[in-house]
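4 protein chains.
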Amino acid sequence: MKSSKNKIVNDPVWGFIELDSDLHLEIIEHPYFQRLRRIKQLGLSSLVYPSANHTRFEHAIGTMHLVRSALDVLKKKGNKITEEEEEGVMAALLLHDIGHGPFSHALEQSIVQGISHEELSCVYMDELNRKMDGRLSLAIEIFLNLYPKRFLHQLVSSQLDMDRLDFLKRDSFFSGVSEGVVSSERIIKMLHIQHDQLVVEVKGIYSIEKFLIARRLMYWQVYLHKTVISAEHMMIKLLQRASNLASAGVNVPATGYLALFLNKEIKADDFRSNDLTIRNRALHHFGYLDDADILCSIKGWMQHPDPVLSNLSRAIIDRNLFKIKLSKTPFSESKLINLKEQAIKKFGVSMEEAAFFVIDGKITNSAYDEEAENIYILYKNGKLKDIKEASDINLEGLTKTVRKHFVCYPVEIITR
Amino acid sequence: MKSSKNKIVNDPVWGFIELDSDLHLEIIEHPYFQRLRRIKQLGLSSLVYPSANHTRFEHAIGTMHLVRSALDVLKKKGNKITEEEEEGVMAALLLHDIGHGPFSHALEQSIVQGISHEELSCVYMDELNRKMDGRLSLAIEIFLNLYPKRFLHQLVSSQLDMDRLDFLKRDSFFSGVSEGVVSSERIIKMLHIQHDQLVVEVKGIYSIEKFLIARRLMYWQVYLHKTVISAEHMMIKLLQRASNLASAGVNVPATGYLALFLNKEIKADDFRSNDLTIRNRALHHFGYLDDADILCSIKGWMQHPDPVLSNLSRAIIDRNLFKIKLSKTPFSESKLINLKEQAIKKFGVSMEEAAFFVIDGKITNSAYDEEAENIYILYKNGKLKDIKEASDINLEGLTKTVRKHFVCYPVEIITR
Amino acid sequence: MKSSKNKIVNDPVWGFIELDSDLHLEIIEHPYFQRLRRIKQLGLSSLVYPSANHTRFEHAIGTMHLVRSALDVLKKKGNKITEEEEEGVMAALLLHDIGHGPFSHALEQSIVQGISHEELSCVYMDELNRKMDGRLSLAIEIFLNLYPKRFLHQLVSSQLDMDRLDFLKRDSFFSGVSEGVVSSERIIKMLHIQHDQLVVEVKGIYSIEKFLIARRLMYWQVYLHKTVISAEHMMIKLLQRASNLASAGVNVPATGYLALFLNKEIKADDFRSNDLTIRNRALHHFGYLDDADILCSIKGWMQHPDPVLSNLSRAIIDRNLFKIKLSKTPFSESKLINLKEQAIKKFGVSMEEAAFFVIDGKITNSAYDEEAENIYILYKNGKLKDIKEASDINLEGLTKTVRKHFVCYPVEIITR
Amino acid sequence: MKSSKNKIVNDPVWGFIELDSDLHLEIIEHPYFQRLRRIKQLGLSSLVYPSANHTRFEHAIGTMHLVRSALDVLKKKGNKITEEEEEGVMAALLLHDIGHGPFSHALEQSIVQGISHEELSCVYMDELNRKMDGRLSLAIEIFLNLYPKRFLHQLVSSQLDMDRLDFLKRDSFFSGVSEGVVSSERIIKMLHIQHDQLVVEVKGIYSIEKFLIARRLMYWQVYLHKTVISAEHMMIKLLQRASNLASAGVNVPATGYLALFLNKEIKADDFRSNDLTIRNRALHHFGYLDDADILCSIKGWMQHPDPVLSNLSRAIIDRNLFKIKLSKTPFSESKLINLKEQAIKKFGVSMEEAAFFVIDGKITNSAYDEEAENIYILYKNGKLKDIKEASDINLEGLTKTVRKHFVCYPVEIITR
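Protein chains in written order, with the numbering used here: chain A, -6 to 409; chain B, -6 to 409; chain C, -6 to 409; chain D, -6 to 409.
If you're looking for bench data, these hints aren't it; they were derived computationally from the structure. A couple of the hints might just be wrong.
The list cannot tell twin chains apart, which means a pair is met if one copy fits it or any two copies do.
[Unchecked claim] Here are the simulated PhoX-like pairs of lysine-lysine, each with C-alpha atoms no more than 25 Å apart in a straight line: (1) Lys393 x Lys381; (2) Lys378 x Lys393; (3) Lys397 x Lys316; (4) Lys378 x Lys142; (5) Lys196 x Lys321; (6) Lys69 x Lys142; (7) Lys196 x Lys397; (8) Lys318 x Lys381; (9) Lys318 x Lys373.
Chain A extracted, bound-state conformation (with noise of 0.2 Å):
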């Protein structure tokens, strides 16, 4: 695994981070991961926490720093682990979000839909491989969870894999939000194996219960902020919109590469393609693709003659975002037909139309926890449990799906 060329990396969460792998340093040094330097990891966060402007490219590279730690650790326990398959699990961990477009979960739902970024981040993953003749085979079973040892993919994808070590700790150093604060190493230090599955030893069981709380307190401070959502939401409605009237044949100007995807010149299906020239055409184009792209069409559309487009664009980029309304049931479809209306009067807008500017949706927590029963404690007489049975304290309100429905609209409306 060793390298001519040692790099280091300065991280300010995880310290110096060495590069001393050359399958790594391809990687790395491909335009298709330094593009992740141009997405960041949040999103549009950064409206309410303006120091969160990390990108997915540190949060790749923390993600190899951790695993190299993890194994470090395991492999002091007596486990064995090859040098190659060290090298595997820290590419897939490179790679991991390697499908991962601006926005992306507004783009999905707009202009480039009918693909997901797990579904893109194989298609780069093979291509990569590709073009490196096959070096990355390992690295890909690892991820696709078709290598022998499994506790090798749950170190890429489970409750306690690197992803979420690194991204609760990196997010809560950005925004500032010290109380997310996770202890990334300790729970490292405790990590195991047993029975080929990825376990906690005993002693680690308080970190872990800190750990639950600590990503709770996360989603509801950071990825959930309520103004957060109202950000997410209005971007959702402004790339469906621009998307909608670049299908109807209204002309809607864009950026280079993302106008490739506004106008269906590359669609879902081309990433599919069995036809090479097709498929890498997407990639490429794709893998150019960025927050640069993204607000500089929205820019753009501030003076676009379509009221909603140019409304929307408006709003995010001078930061006039949505007041947001929270609540434990839905909101009546009287109470939405009447803030239309209110939009309606004050935008010029059709009744179809203020349906964007008046969202409602719900939240929902549960994407994070509804496995958090697979998180092992390991006991010292060489038996498992259940974090869930192992702690003192009743985690089930952890791990409770928690919905909560929203509605968004202009503060201009008045409400009566």
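Given chain A, put chains B, C and D in place with the hints provided.
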């Protein structure tokens, strides 16, 4: 200075920052200020320090926060400062960088020539003052050093201004160069006023020495890091080429806001025009120009028929940065010619165009310490001494101008 | 509240702490307060966490610092607090632990029986108040919850008092158990007063949950760490033995200040005496008793002819701590007898004396959360809810009393 | 180097420190090493920096931890180091300060004269080596610079040894003087070996400059802080007085371990005796002498009939430290006489005794930088340069000996 809406900004560097003045909130909410969210403080440095993605927005708010602490300290020591002066100097700090464009240094030497960011800051302040019915007049007087209490200006601009105390700490924090950390809070605790001048109490002397050393370290490790120098000069050459081609009538597509400047539809003098329509048009458009415009335009140029434009564009976007050599003496003409001949062969360009691939110049750290003389130490008997005299150590080395010559060129060029 | 001498204390936990009141300086400079420098906050915990050597002195000053921040926050939110009240509540916090002796818990169960550190604190406050001509009267009223504004007392003693907000953070900091870190500053920002009661604004709800979890983690990881429990019970037994021997007329040499208590020349009732000479003699001597007295006396006992005294002394000083076993159910009588028989054989002691080598008991975390009910969350509509109801998660586990039985005995004992 | 018991120490400065060698565990568990828990690293500095209560125990373990990192770095760069050498140099660092007594500096000038802590360290190492059947021989060779690979000794003792890299950071951390923070990890990453010599790679040059400045700052701000100087000289005088009185036959009660040295029952030469019984008796008793003995004895002396002894004792315990004046030139004889006359009047002592109340002397920082010449910078071409030449700044000021004269006397003395 009270406000109805007490807002808090989460800053990873200084913690919670309160925004409790309507005046300050009005400034911050203005689109001209919001735009600073989209301009990185350190431009291309993130190509070397990947986490250095912090923006001029956070920096501006950070300086406002520091000056509040400084004013508290000064008042506690018996110096009279009115509430209006407090609000004014805080506003001056919020606005001190308002005229910065994206990649300022490069832009001023290429597409937006003929007006400095300092002059632009003044024009923006004037315009905002007009819009805000003169409520910024005191801030502007302090900023321009026209206000009788000179020490207030020194908080905004001097060897120990809040600008430096914020950016050194912030740049060090986000780049992960922890050695650059300056104890800004400690220095602020030691500030005092003597003869209408900002001075440092004698027990702060070691902190000042440390500040000078840390500043120097940040210069060589970050601001003048050789790879950063290479990237910045590539950017200058690239934008100059774009500008030249546009002037020569070649079609150089760019995003909307950049195009106006590239095609000289807006010129430096417009910002100075007495015709408000002309001036405000210039301010408006420059007021939406940001990092994304530059990046998107460059991405578009990767396919441009001009080999200079396309090669430099690809090199920056894909991070194939030029190799850089430093030397205490200038590089010989023959060495440079030799390199250019290689470039001609490699890229099929003319000798004139080769100057865009073989970039020589000199860097100097003088900008920051020429005037290092004027940090004054206040002794218990009321006497002042220049830090250079007051310090036991020889600070000349820190204040001496260091000049280094450099030459950058593509790695593909084989040097004999 | 101004003082001629503005002093600053460097605190690694909170940064610079200003001492700007003559009243506070006078308290701090008194020998009774200075003595806290020689009493470790965590007693024997440093045998497990070697850096946990912080003293009650720093803690007391830390709580004073925090309450100043809390008062600033409360005043900013419109709550009226006079300067006298401010000075008073700060003084109350400085003095809240003034009655603590060295290794308090162990001392109170052995050599200084019959008076608790809480009662002692009151006696010291009274005496200092007398010496300071009644200038502490307000502080004492607040401390004793006799002052009309009850929320001031809650800052000194309640589920969210400054005592906890300081010690949890401080103990976590110095022990290096970084997961115990509580965002005390954040919680303080969220404090408010409603119906003369200290409450937390609703947006602080996650911080409170995190605080409860961190507190629990600190209990099990530090305060009730099993090796710490073992060390503390060895200390209790050791001091009880010394006390028993002295009462029985055996010569048990000790340092001067300890000897007075060991030989019952000063008794608990002396602190309550109406005869000022007697009371002040007791206060004076207890006021110079510190960790060093206990350690030196124990070192002297390492050679004592009594095998119980000498063995326990050597075990503590050389850190040959007893092995400890925990169990959810009590240990059986036969198990304990068996262990004692081993001790009799090993140390040549009687069955009665064997109880000093085989120590059983139970620990419970109830002390700290029984009353967890009374943290109130303030909603925007002015309503209050108990945190247990307000939180989405089930906090019962955090407030439930956990009981564990333990038995400690020398490692030299072979268990069958 | 593997051990059956893998132990972890929680260190707030460096995080988790693993103890994974039986040899190291055996050293640490020995009473001679455990005693370091009871000796503060910075002696009386905690009277100025109240949190500076860290002990020689944590420091010793910290240096061991750092050298493990350094060895990893050096091995990665291709330098050969065997496992035995690794274990040896780590043991050497664990033991490098084993001979320190409580308040070493003061003790060596008073009660334990005639043998330095350096010599004592060697004697203790020899004795431990004997007990451990020669398993420390390699560690001792390295410590004494008798081992062929000289760079190993430089890790233990040189301008860049692990001792400094730990104590500067640790002292800065616990005192809260955050400006003294040294980037020890960064420096360690830059270490290399050239011609069997420890050197620093050229890119570490700014870190070294910063290290030199931080070291200087720590000297003046902490180690030579004027109030610390005053306290330390009061302690020297106090212990000298106790020693003088004891020699003159006056009864000076002290704790058991101190009494043996005070009454000359153990003398310096006993440590050098060829008679093992005599030597081990000395080692044994010195091996239980700690801070607590000094403090308890002083507390006892507060009531001693000798006014010098009692006054100095009370002044230290109650922290009524002497006022201190500094000057670049020596204080005049007449000034000193004048002060002594005041002392005679105030304390009813003789002129000779007045010298215990009016203490003059000089301090110098030379000890730490005389040899600053020998930090070598390694250039890419393999050449070495002394840091003084390699640095752009003039480091002479940092290496120049600064001498300051001081006089301390009780505040009660009125100066005319």
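Now the hints, each set against the structure:
1. Lys393 x Lys381: both (12 Å within a copy, 16 Å between copies)
2. Lys378 x Lys393: both (19 Å within a copy, 21 Å between copies)
3. Lys397 x Lys316: within (16 Å within a copy, 51 Å between copies)
4. Lys378 x Lys142: Within one copy only: 21 Å inside a chain, 50 Å across chains, cut-off 25 Å.
5. Lys196 x Lys321: between (38 Å within a copy, 17 Å between copies)
6. Lys69 x Lys142: Within. Shortest intra-copy distance 17 Å satisfies the 25 Å Cα cut-off; inter-copy 29 Å does not.
7. Lys196 x Lys397: between (36 Å within a copy, 16 Å between copies)
8. Lys318 x Lys381: Between copies, since 24 Å is at most 25 Å while 33 Å is not.
9. Lys318 x Lys373: Intra 49 Å, inter 13 Å, cutoff 25 Å: inter-copy only.
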